[in-house]
Amino acid sequence: MQWKQVVFTGVAMLAASSLAIAKPNPAGGTITGKVTYEGTPKKMRPIDMSKEPSCAKMYPTPPPAESVVTGPGNILQDVVVFISAGAPDDPAPSTAAVFTQKGCRYIPHVLAFQVNQELKIVNEDQTSHNIHPMPKLNREWNKSQPPGTPPISEKYDKAEFIPVKCNVHPWMHGNFAVLKNSHYAVTGENGTFTLPRLAPGKYTVTAWQEEYGDQSQEVTITGSETKTISFVFKAKPY
Amino acid sequence: MRKMLRTKFCLFVTSALILPIASYAQLGEQAPAVKPSSHMESHVGNLTGHSEPGRELYFRYCWGCHGPHGDGNGENAAYLNPTPRNFVAAVFKCRSTITGTLPTDQDLYNSIGRGFNFTNMPSWIALTDQDRANLVAFIKTFSPRWVTEKPGTPIPIPPEPKLTLASIQHGQQLFQKLECWKCHGQEGRGDGPSASTLTDSNDQPIRPYNFTADNRSKCGSTNQDLYKIFMTGVDGTPMPSFADVVKPEEAWDLVHFLRTLQYNNPSPELTLWESTPEGKAIVAAKRVDQTNTGSGEKP
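For the protein sequence lines, the chains are F and G, in the order given.
With the numbering used here as the guide, the letters of the first sequence map in order to residues 1 to 238.
With the numbering used here as the guide, the letters of the second sequence map in order to residues 1 to 299.
Because the hints were derived from the structure by calculation, they are not lab data.
Glycine included, every Cβ here is placed at the ideal spot set by N, Cα and C.
No false leads were slipped in.
Facing chain F, a subset of chain G residues (Cβ under 8 Å, in silico):
1. Gly-100
2. Leu-178
3. Cys-183
4. Ser-194
5. Asp-235
6. Ser-241
7. Asp-244
Only pairs whose alpha carbons sit at most 30 Å apart, straight line, appear in this in silico DSSO-like list of lysine-lysine:
8. F/Lys-155 x G/Lys-247
9. G/Lys-35 x F/Lys-158
10. F/Lys-120 x F/Lys-158
11. G/Lys-247 x F/Lys-102
12. F/Lys-120 x G/Lys-177
13. G/Lys-286 x G/Lys-177
Just a sample of chain F residues kept apart from chain G, beta carbon distances all over 10 Å, derived:
14. Gly-28
15. Met-44
16. Thr-61
17. Ser-67
18. Thr-95
19. Ile-107
20. Ala-112
21. Asn-116
22. Lys-120
23. Glu-124
24. Ala-185
25. Thr-192
26. Glu-211
27. Asp-214
28. Glu-225
29. Val-232
Could you build all of it, start to finish, from the sequences and the hints given here?
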């Protein structure tokens, strides 16, 4: 009789522990797709950097503003696509997310990283910048970063989309996407995104563009299949 | 008896392992929003302030500008620039603590008593010490940040070293190297190349501090106040914190130099600066006799 109890407990503990530490099947399911726009987006005006000659001289022609970046085939760049519901929170990775000031612009224009992940901010310009992210949920801080000073290290403890600016150079705009899990992508020059390693389940996938807002879709993964979805944003002409 | 206990034990262990799994599935949902606390205390020196008497004072003296909900939207707010402080957002300009963190109770107490120069916030020194401590406690009932965060760490402020010419000159170099002039201008008049495009965190236009106008900056008129302003940053405005890039000893050099920009206000720094030929020439060039039209013809 005693043995039955022991075996029962042992099996239950094994089952519980395997559920507790179950990682999704490394192969997992994948959600992939493309982000496009319809309509006519507003023209991005060239940035006037004449007030900062050390940056202006880095560009043969003034670069365009970056709030809406498009590409051939009506694709949209710099769109954050992420799982907004259906996936558990992930612990922050140990690598830092790097945000660089170069040529009086932010590289990348949209930086996606996780809650409590280290954010490293680097100034590669010959001029001083101040880093001024403007969150509503997280703490708002504002730090000066002259050239040649070490990177600034910070982190955020709440998920939020945070606009970033430099007060000294008013044309500089960037965004932080602070996300709760590791399933996210930022569209590049071809407007595509891939979210791999998804365990079976029902997910809400959200796409966020800084001017056009966000849209969501529900996708169900049953095994290790690849599901393709697309997001189409209505472009605003002004 | 032993068998029953053993069974119960096994069931308990099993359920203890299974239950966390059930809650694991709930992860990823939003935690409920934290509410501010309706009873707060403040500690300023020997005083302890309480929010209940503070409430009565607030609704007598403060709500006309700061609003019944403490968000800066009082009746008068529409006519004011800069706008009244939003206590719900809890982002404060004048602190002794690191940028992005809450001020100490002493910081808030000082702000109420001092008022804010060049704004509609008067000095409330006429209220008793206890009254002002009670108001600090009540202000802390508007924002959940006072529940979820501790006040920030005050920055270390070494004692002010003796004033020397070398200190002022080093400060002059720092003013150039840190590019303060980009907003404040080479003469500190608040007319630098970036000054006209500055906006605060509510996207309202804002001007950089004009050193030549008056020596009472928003966060106080002493050298220590000036030190704290640029080492903690003025949160909610374009003025950043320089604590990561300026060493504390160097910061005093910058304070000494900044006093020489305030050429309308006598100070030991200005006197020392004017005792040198270079300093004398710089200050004399700034001291133009204003004509009625402001054309600045030199006498």
